[in-house]
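Chemist: One letter stands for each residue in the lines below.
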Amino acid sequence: MKFSFIIPVYKKAPETFRNCLKSLFNMSHKDMEVICVFDGPDPVLEPIADEFPITKKVVIEHGGACKARNEGAKFATGDFLSFWDADCFAEPEMSAMWEMTLKDNLDCDFCYSGYAWADPNMKGFESEPFDPFTLEHYNYIASMFPLAKDKFPGWDESLTGMQDWDYWRRVVRAGSKGAFIPGFGFVTEVPGADSISGSKSESEHFDKTKARIEAVRKKLGDPERDVVVHGLTYKRDTGFAAKVLNADFIWNPFWLVKPYKLSLMMGFHPQSLDISRKMLDRTGKDTKRAIYWMGMDAEAFYTAPYWQVKTVLKDFDDKINFHFCNEKRTYDILTDMGIFPEIVPFPYDAEKEGIKFPDKFKVLVLTDDVYEKVIHGVIKAMPEVEFTRVVPDTYYNMMDYTVSLQYTKNPRLDNNSRNFLIKGRYLISNVDVPHSGYLPIGDDPVKFKNDIINRIRELKTENRPNMEARNFYLAEASPENFRAKILSILDREAVA
Amino acid sequence: MKPPKASFVIPCYNGQAFLAETIQSCLDQTEGRIEIIVVDDGSTDGTADILTHFQYLDERVNVIRLEKNMGRSNARNRGIEAAQSDIILTLDADDICLRDRVEKTLKYFKKNPGIDLMYSDCNNVDVWGDLIIYQDQQGRQTDTVPALPFDIERLRKTLNTYIPAHSGLSYKKSVFEKVKYSGGDWSDHCIDDWKFELDCYNAGFRFGALNRVLVRYRFIPKTRDEEKIKQLKEAALA
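Top to bottom, those sequences are chains A and B.
If you count by my numbering, then the first sequence holds residues 1 to 496, one letter each, in order.
If you count by my numbering, then the second sequence holds residues 1 to 238, one letter each, in order.
Take these hints with a grain of salt, some might be off.
Stated by the list, open to error - Keeping only pairs whose Cα atoms sit at most 30 Å apart, straight-line, the calculated DSSO-like set for lysine-lysine is:
| id | chain 1 | residue 1 | chain 2 | residue 2 |
| --- | --- | --- | --- | --- |
| 1 | B | K222 | A | K373 |
| 2 | B | K68 | A | K447 |
| 3 | B | K5 | A | K380 |
Simulated from the structure, these hints should not be mistaken for lab results.
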């Protein structure tokens, strides 16, 4: 698999450019070519390119990066084109990883990953799994990633910025799929104030971004929408809520460039107050602002010092008009803090695949220090049953399990558990809601232990889908219900 | 397979909550040449599933299934009859052996050929397996219940105060040929172990104490018919 690296070069520090080329030729995968396109003659950088065994050196009249990329693509002979930047430094295994991923995913025409910044104090950009819907709303694929040569749509030379967003959106609209590689593929310099991506001040950056986003949206014919959904910590849920509401979906405040009739903020974590504030400030004057409280966030506020909660909520009081939450415990907590939300169950996104009931009986275990001993005792008492404990930072697919044993000090039926029930699985928990397998720890610990063991054994013997719970939650958490309830505030007066 | 050097005998009636831990503690012994005889005393819970699992896992686990519940003494007697080795180690279905129990027991019997029954220190643990700490006679914090030297008067007066737990008792199989566990009321009121120890003394067998923790006894508060137990005791001592 041959990769063509096409590098537009314009006004770079010589050392940066040399390191960039060095990193490319240093990679373990050697089937590649490098085409340097000089955007205007450059007596300093051209000799540096000659130090390396590059395939082609093109010098064009100055006309911007997109023009240079299109020029360079004409000479490319590789299977995949990568439009590299002269201030990016590849990791030694990057293209080997690309090849592996593309061979594993033959239905994909491109692959991509996150990237790290050269400034070690900055958190790298992690990117996210491929989803055409989210790509319509913001860009998470950098221009550097390899695209099959026959799918190359050309770069739009008329745009002043966000060309990569436009480029990948056109690629995906043409039907191509991308494969996501978790982790960082390369390191890039932080954009300076005078570069395309950089800005001198925040307001200038905002104005620049606004113009660029609007240009791309106009060009690609995006519909004007009345509703926007934004969330910082819950990207997946936010994206899904936006899909259900047919709303715009934004997670970076700079992308909130036009006024909407309704803005719904998903989650409200104390750690992200600054960005939440920015998000709310950026919404228009007449926008109705709603917040959908996530259980974890409400819990975080509930356990925070009282004065902190008071200060924060007072600050946001006039910014938020409507409150919603997912389930009863969140409702109880918020009511206790003086907020009166409406319970609207979060819509399920588990329905489309139907029930794939697992062949093997396995039990998922979610617990915390309060119930650790109890649950540990149960696991030890049933050597013939396979238990999987959820440890932080481990991957597990909830749908591989038939039963989820959930004992925590803050019992709550979260979205994942509800989706689990909708998939016809069983819960054994201390959550006191319908079909949650409510089994509280009583006075007699041995009886409690035996009850759990008997219940697991009973489920293991039966091993059939839990249709009662499925039907109950399919009705309660339907997307139609969610859409109707949230959009109904468009017709309501703001209470704040 | 070489013949076992020691046999665990575990009577079990509806013991699913702790049985797996108990069997696992026997399998984890430093001395590998052992057999584990579990007598399923007509359990109606998941005991059978656990035993099937362990039988499949390890050939040292032998299971005797009794059709209906006949009491703890009967289960113990049946289990010991089936034992192939000369050393019997008693264990209840909710107690845990420390890893060197068999090793230390065999060494003790080798060193003290005159001793027929040996008992050891024990730890008390609660339902969740945590050590129970209490104050001893000197007022120190301790988790060990000490095995005091054998004294028949103390045995007569109280139940098992000098033998910390019947689970820590081991004896030669020759003892069992003369003395069996008594069933009926003794078994129903859970004092068959006391009766067995008394019978062994009366039959002339010698006891020895090893001051080393070999078992963890699970202390679960139970209501007992103290009046009936007193009557039974008086009848035995008369």
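Chemist: Assess, step by step, whether the Cα of K68/B is no farther than 30 Å from the Cα of K447/A, and give holds or violated.
Modeler: Answer holds: K68/B to K447/A is near 22 Å, not above 30 Å.
Chemist: Taking 30 Å as the top limit, are the C-alpha atoms of K5/B and K380/A close enough?
Modeler: Roughly 28 Å separates the two Cα atoms, so the pair holds.
Chemist: Does the structure keep K222/B and K373/A at a Cα separation of 30 Å or less?
Modeler: Roughly 21 Å separates the two Cα atoms, so the pair holds.
When the structure is compared with the earlier hints, no violation turns up for any of them.
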